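Number of protein chains: 2
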Amino acid sequence: MIKVYGVHGSPFVRKVFIALDIKGVAYEIVRQMPFSGDEEYKKINPLAKVPTLVDGDLTIGDSKVICRYIDNAYPDPALYPADAADKARADWFEELGGTYVTELATGIFFQRFMRPFAFKQEPDEKLVADIIDNKLPPILDYLEGEIPANGFIFGEFTLADLSIVSPFINASYANYTVDSSKWPNLAGLIDRVKAIPQVATILAKEAETMGLKTNSATS
Amino acid sequence: MIKVYGVHGSPFVRKVFIALDIKGVAYEIVRQMPFSGDEEYKKINPLAKVPTLVDGDLTIGDSKVICRYIDNAYPDPALYPADAADKARADWFEELGGTYVTELATGIFFQRFMRPFAFKQEPDEKLVADIIDNKLPPILDYLEGEIPANGFIFGEFTLADLSIVSPFINASYANYTVDSSKWPNLAGLIDRVKAIPQVATILAKEAETMGLKTNSATS
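So the protein lines, in turn, are chains A and B.
Read in the working numbering, the first sequence has 188 at position 102, and its numbers run on one by one without any break.
Read in the working numbering, the second sequence has 140 at position 54, and its numbers run on one by one without any break.
Just to be clear, a hint being listed does not mean it is correct.
Which copy? The list can't say, so a pair holds if one copy fits it or any two copies do.
Pairs of lysine-lysine, DSS-like flavour, derived with a Cα cap of 25 Å [as the list claims (entries may be wrong)]:
1. Lys128 x Lys280
2. Lys268 x Lys129
3. Lys268 x Lys109
4. Lys221 x Lys128
5. Lys280 x Lys291
6. Lys89 x Lys291
7. Lys128 x Lys109
8. Lys128 x Lys206
9. Lys128 x Lys268
10. Lys280 x Lys268
11. Lys221 x Lys129
12. Lys291 x Lys212
13. Lys221 x Lys268
14. Lys109 x Lys291
15. Lys109 x Lys89
Quick caveat, the hints were computed from the structure, so don't treat them as lab data.
Fair warning: this is a prediction, and the values are worked out from it, not measured in the lab.
Using the sequences and the hints given, assemble the complete structure.
Following this line, the structure appears as C-alpha cells:
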C-alpha cells in the first residue's frame, strides 16, 4: 500500500491526503515531523521536509511532485487541466502556493500558533503585522485577478485551487482570514474549496489531531 | 514569438534557454534581473524571480513550470521520461536541483563571485567553508546514489540531468568543483551534461556575457 510520510496540519501534506482521497486510493500514514533531525528519514528525503510518498519502488518528496505523480498514475478523476497551457497555469499556481506559504505558514502560523502552543513563547505581533500589512497584499492582489467570482479556476476543481487555498487554512488556525471586502474572489474560493467533502473530512481530522476549536454545531 | 524574461548566468534561466534550443523553438530574451524592485515586472511575476515565459496568452514563472510546459507544448524531442514513475523521479530531481541551489548559488556563488565583482566586498570564506564541509555533503551523497556511472539518469538526457547539474555550473564560476574522488558519478554527470552541444553553446554565451575566463584553446 502507498505510504505517505507526514503529519496532519502541514499545508503540503494536506494536499496529498486530499488528492488520494478524491482518487479513492488507499494509503497508510507514517507519522513524520519535518526537520526533526531524523537521519533515517533523511535517507529517503534529504531535504527532511514532508510529505514523502512511497509507492512500490518509487520514493519521492515534495507535494507538487507527489500530486502530479498521483494524477498520472491514478488518472480518475483528473485533478489537473488537460490542455498544455492550462496545465502550465495550474502548475504555476501550485508553485505560488508553495512560496507565499512561507510568509503565511512560517510567518503568521508559526508566530501565533506554533510559538505559544509548541514553545510557550509570545508571538511577535510586529512581525505578523508586517506580513499582513506589507508582504501579503501584493500577492493577494495578483491572485484576486486570476480567480473567478464563482466556481473554480479551470471550471472544475483542480489541485491549483487547493494549492492556493491550503496555506490560508493554516493562517486561519492563527486567526488570520482573507478580507472578503478587498479580495472577494479569493475569499470565495477558500470557502468553495473547504466545502468539498474530501477537504472537509481532512480538515475535521486536523481539528481532532491538533486539538483545534471548530465552529461545529456542538461547540 | 516566445519571450523569456531573465539573464544569462542564472541557473534557472539557463535551463529554459537550453530546453528551447534543444527543441529548436525560437525565442526572444527580455533582459530582466531578479529581485530588481521593478514593479511592472512584478505584475507578471509577483515573486520577482526569473525566468518568466510568455507564449501568446500564457504567462508563467518558475523554471520547472516553464520547462514542463515547453515539453508538453513542443514535444519533440521529449525532455522528460514518459513512464509515470520515472517522470515523478525526474520531477523530484528537478525540485532538489532548485533547493540545494540555494546553498550553492546564493552561498558559494554569491560570496565568491557576486560579492567581489558586483559589490566590491570580500567573500565570507567561513560561511563558504561551512557550506562545502557541512551542508553540501549529505545532498551530494544522496545524488551520488541516484546517478549512474555512465550515461544519464534515465538513459537518454532529460531535464532531470540538467536540473541537478545547473547549480554546480554556477558554483564552478566561484572555483568550487565537485570532488570526483568522493562523488565520481555526480562529477561525471556534470561533465557529460556540459558536453551536450546546446549546453556548451549557452555556457559560451554566459562566459561572454559575464566576462568569465574560460579554458578555451585561445586563453
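| query | Looking at the structure, which of the earlier hints fail to hold? | reply | Per hint list: 1, 3, 7, 8, 12 violated.
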